[in-house]
Amino acid sequence: MNTNSNAYTVIYTTLVVVIVAAVLAFTAMKLKPSQNANAKAETLRQMMSAAQIKPTDELYATKNAGILQLYADNIDKAYTIGLDGEQNGTLSTEKSKIDLVDNLKPQDKAIKAGDAVTLPVYVFKSGIQVIPIYGAGLWGPIWGYIAFQPDGKTIAGAYFDHDSETPGLGAKIKDEAWFREKFVGKQVKFGSEPLFNLAKNAEATGADNAIDAITGATMTSKGLNDALNVWFKAYEKHLGNKAETQNEEEE
Amino acid sequence: MDKKLKETILNPILKGNPITVLILGICSSLAVTVQLKGALVMALSVILVTGLSSLVCSLLRNSIPNRVRIIVQLVVVAMMVILVDQVLKAGEGTYAIDKQLSVYIGLIITNCIVMGRIEAFALGNKPIPSLLDGLANGVGYGLILIIVAFFRELFGSGTLFGLQVLPAGYIPNNLVILPPFALILLGCIIWVHRAFDKDLQEK
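First to last, the protein sequences are chains A and B.
Last residue of the first sequence: 300 in my numbering, with the numbers rising by one and none dropped.
Last residue of the second sequence: 768 in my numbering, with the numbers rising by one and none dropped.
These are computed hints drawn from the structure, not numbers from a lab.
Here the structure is a predicted model, which means the values were calculated and not measured.
Hints are not guaranteed to be accurate.
[Unchecked claim] To be clear about the criterion: a stretch of chain B counts as covered by chain A if any three or more of its residues have a C-beta under 8 Å from a C-beta of chain A, and this derived list gives those stretches:
| id | segment |
| --- | --- |
| 1 | 629-638 |
| 2 | 659-669 |
| 3 | 726-737 |
[Stated by the list, open to error] Label-pair distances were calculated between CB atoms; the ranges are:
| id | chain 1 | residue 1 | chain 2 | residue 2 | range |
| --- | --- | --- | --- | --- | --- |
| 4 | B | Thr-675 | A | Thr-254 | 45 to 51 Å |
| 5 | A | Val-66 | B | Cys-592 | 23 to 29 Å |
| 6 | B | Gly-681 | A | Tyr-128 | 54 to 60 Å |
| 7 | B | Leu-748 | A | Met-268 | 24 to 30 Å |
C-beta atoms are modelled at their ideal positions from N, C-alpha and C, and glycine is treated no differently.
With the sequences and hints as input, model every part of the structure.
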C-alpha cells in the first residue's frame, strides 16, 4: 500500500487522533474520582494548616482518610455568605460528604463584578474561622486560606498556594514557613483603606495590618496583596460586623 | 542474551548516556533535582514515557506516513505524558509530588531524549529492542538525575528523601538549591565520566 498518498495520510492521522482521544477520555473519567479526593484532602490540609489544627508537616504526612476525619472532628459549622454578609447557604461537614467551595475563580470574578456570590466560611470548634482568598500571581492563579480569631479581625494563621509561580522567588509564598507565620497576629483594618498592606517596607510603618513584600517577587507579592484586599473587602460585612459587636460587648 | 541486545541496554546508561554524552534533557535535570523524591518520580515517569512511546512507535513504524511521522510520534508521546500525569494526580502518595513537579511532568514531551530515541531507533527496529532502548535511555537519564539530586538535597537541605542526614548544626548551602549549581554539578559528572572513559574525549 502507498503510505504516502494523501487519502492514506488523512485517514491514518484521523484514526490515530481519535484513538488517542478515546484512551485519554477514558482514563480521565476513570481517575477523576480519586483525583478529586486528593484535591479535596489537599484543600482541607491547607485550611487546617491555616487554622492551626496541626503543624503543616504533620498534616502533609497524614493520609486522605485521616484528614477527612480530622476535619470532621474539628469543624463546628460551614456556610456560605453573600456580599451583604448574610448567610445564603450551608455546607455539609459530615465526614462522608464534606462540602467545600473549592472553585474560587468564578467567585473571584463575581466579587469583582459585584454579582451574587456564595463565599464560604468555615468555623472550627476553637472559634477560629477560615476564609479563602484567590487572585492572580505572575504566571498563574494564587490562592490561600486565612484563619481569623473569633474577634473577626486578628489573623490566627495563613496558608498560600500557587499554580506556577517562580521557584525560589514567588513560590516562597507557599514554600517558606516564615512567610505565612508573619501573618499570625496581624489585624485586618475593616472600615478603612487599605484593609491589608503587603508591600515593600510596609512593616516599617509599624501598622498592625502591614507585611513586607517578598524580595525578588514583586508581581507575586502585588498579586497576593490585591487578592487579600479584594477578598477581605468581600467578607467585610461579615467579619467586620463581628469585630464591631465584639468591641461593643467589651465596652 | 545476544550481544546486540546487551549493547542496546548498556550503551544509553554508560557510553551513550543521554545527559552526560548527548547533552539532552538538561533543562529538566536542572529543575527537578532539588530533592531526591521529586527526581525519582521524574526519572520513573521519563523511563515509562520513553519506553512505551518507543514501543508504540515501533509497532506503528511500517504504517506511519513518512510526511507526518513527527506529528504522529508527538501525538503518541503526548498521550503517554498525559497518562503518566493523570495517574500521578490520582495516586494518594504521588499527588503532592505531582504538584511539586508541576509543569515538568507535562514538559517531558519536549524532552529531546523521547523524540530522539523514536527517530533514531524505534522507527528502524522491532518492538522489543525499541522498548528496551527507550527504557534504557530513561534509566540513563534517571541515573544522572538521581546523582545530581543526591548531592543537591544532601548539601542544600541536609536531608536525603526528606530525612535529616547531616547533623542539625549544618547550615544549608543556598547556592546548591539554585539551578546554576546543578549545571556545575552536571559539568563535574561529565568531567568524571570522560576521565574514566577515554573514548569520549575529543582529540
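Outcome of the hint check:
{"no.": "1", "hint": "629-638", "verdict": "holds (count 7)"}
{"no.": "2", "hint": "659-669", "verdict": "holds (count 5)"}
{"no.": "3", "hint": "726-737", "verdict": "violated (count 0)"}
{"no.": "4", "hint": "B:Thr-675 to A:Thr-254: 45 to 51 Å", "verdict": "46 Å, holds"}
{"no.": "5", "hint": "A:Val-66 to B:Cys-592: 23 to 29 Å", "verdict": "28 Å, holds"}
{"no.": "6", "hint": "B:Gly-681 to A:Tyr-128: 54 to 60 Å", "verdict": "56 Å, holds"}
{"no.": "7", "hint": "B:Leu-748 to A:Met-268: 24 to 30 Å", "verdict": "26 Å, holds"}
Hint compliance for this structure: hint 3 is the single one not met.
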